[in-house]
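Peer 1: Sequence:
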Amino acid sequence: MNFLINVNEITSEIKKRCTFAIISHPDAGKTTITEKLLYLGDVIRTVGVVKPKKNKKHTQSDWMDIEKKRGISVSTSVLSFSYKNKLINLLDTPGHSDFSEDTYRILSAVDFCLMVIDASKGVESCTQKLLQVAKKKGIPIITFINKIDKDFKNVFLLLDELEKELNMLLSPITYPIEYDNNIIGLYHFQNQKAYWYHNTKSLIYKKKQFLLNTFEKNNLIFTQEDNIKTQFFWKKKINHIQKSYINFQYKDFLLLDVNPVFFGSALDNFGIVFLLNFLVKFGPIPQPKMAYTRKIFPNELKFSGFVFKIQANMNLKHRDRIAFIRVVSGKYFKGIKLFHVRTKKKFSINNAISLLANNRTVLETAYPGDIIGIYNHGNIRIGDSFTESEDIQFSGINNIIPEIFKSVHLINPLHQKRLLKGIFQLEEEGAIQVFKKLNTNEVIIGALGILQFDVVSERLKVEYQIELIYKNVEIHTIRWIFSKNKIRYNDFINDNKDFIGIDNEKNAVYFVPNIIHLNIISEQNLDIFFLKKKKI
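To convert, take the position in the sequence shown, counting from 1, and add 1; that gives my numbering.
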């Protein structure tokens, strides 16, 4: 075991790493881009597809059965790979809005975001919400405008819309070259070169970029067939674009004052290598993270990290649960003794793992920015902090109040014990919240969207052999109940049993049928606090 740790070692390792999340509206091409980045990083030899035809393989990041069936991402995948001497930790987030709570938590674990936009649709609703969260957390954003091989909006109008939505200046790094209403290539402003659009489906060509020729001193010539008029038009247009947008400056990017923009086609891998080269060159290295008591810096010698995700049943044979920890400071090594801040317990970790979707490798060491997985036997929760000794709790990872509630009923009542085990393990992942009604023990599930209920039903069927049905309930929202007066607290619960439930941590919640009811009950019980968040 390696106990000798110095600042130079940690600082050197920090500079080699970048950790980011890919966010987008559904069907913008996020998972396809993830797959192409893995391919360019030599992690996979063939590229899977989101909705494969017969004899085609699925993508690496969509590894769950329901993701393969529906062609959507419903869970965050953690993917680590190397490219140009840089260790990249990529988190492919759920695209569907029903799973945005998972994405919000993931944003706490990364240092920057890659935002994917469909060129034909522009900035969509899911992307807008995620943008606001990312900006609130101070996370720099890189934009990739995908599907330029399809019909899409006028480029200037698209960039104008993006600039307004982001409320920050844009700096195009690549720009689509049009000829006769078709995209014929990309112009790279930093390289000052034009690249031909080659949409071959043969994987032999996938890693190659087709250099058209260089752009020097306003002398741009595309092909011998192009006439003088076309050459002159593009020479003027590129000059105009350069004057319309600011040059990329790294310090402005870190301050969220500028957004670098790329264009391309993920399906044909055109423009992806430019994006990847930019990510490893300019993607921020691991940044400090805020705890409730102080800021934690990555080059501190003592290990610290926090759990941002839990995944149940990654291996169905063993029913294992993995807690994903973002390393914030120090160094992980085999046999390290860690302090679990919430439980105040210490234990040794010898088998932390690195992941490529659901494929795992046992780690010898890990540094700030890395994502490590440790086996969870039910005592680890999302938001938990781990240190070597310091009693600190990282901030920024909160539960979101569900918007839809349904009661759970078994087809076979004899499976009640199995249901409770399965449903509480799935709750650990954070996509749903589970409550039991105080007076009937009826199980209530809360979620952000309908699709989450479908996923729970499907996973319980596949992973636990349980079939269930949902029934609607008269719950508009919930509030956690708290009072400094213990007697009043107990009296309130006893007087309102029909509206009281218990969460997985034995906290009392109030089932609110409507907002008017909440206002009245609050005014009648001024010594009872109705909280939108659990009291820590």
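In short, the hints are calculated from the structure, not lab data. Glycine residues also receive a C-beta, built at the ideal position from the N, C-alpha and C atoms. It cannot be assumed that every hint is accurate.
Pairs of lysine-lysine, BS3-like flavour, derived with a Cα cap of 27 Å [to be verified]: (1) Lys462 / Lys472; (2) Lys498 / Lys422; (3) Lys535 / Lys137; (4) Lys296 / Lys16; (5) Lys346 / Lys303; (6) Lys16 / Lys85; (7) Lys472 / Lys137; (8) Lys244 / Lys345; (9) Lys346 / Lys534; (10) Lys418 / Lys472.
Pairwise CB distance ranges (calculated) [claimed, not checked]: (11) Lys533 / Lys507: 28 to 36 Å; (12) Ser13 / Tyr251: 27 to 35 Å; (13) Ser13 / Ile516: 48 to 56 Å.
Peer 1: Look at each hint and say if it fits the structure.
Peer 2: Here is what the structure says about each hint:
1. Lys462 / Lys472: holds (18 Å)
2. Lys498 / Lys422: holds (25 Å)
3. Lys535 / Lys137: holds (21 Å)
4. Lys296 / Lys16: Holds. Lys296 to Lys16 sits at ~19 Å (cutoff 27 Å).
5. Lys346 / Lys303: Holds, at about 17 Å.
6. Lys16 / Lys85: Since the Cα atoms of Lys16 and Lys85 sit roughly 13 Å apart, the hinted pair holds (cutoff 27 Å).
7. Lys472 / Lys137: Judged against 27 Å, a Cα distance of about 37 Å means the pair is violated.
8. Lys244 / Lys345: violated (58 Å)
9. Lys346 / Lys534: holds (25 Å)
10. Lys418 / Lys472: holds (20 Å)
11. Lys533 / Lys507: 28 to 36 Å: Between Lys533 and Lys507, where Cβ atoms are some 19 Å apart, the hint is violated.
12. Ser13 / Tyr251: 27 to 35 Å: violated (20 Å)
13. Ser13 / Ile516: 48 to 56 Å: About 55 Å separates the Cβ atoms of Ser13 and Ile516, which means 48 to 56 Å holds.
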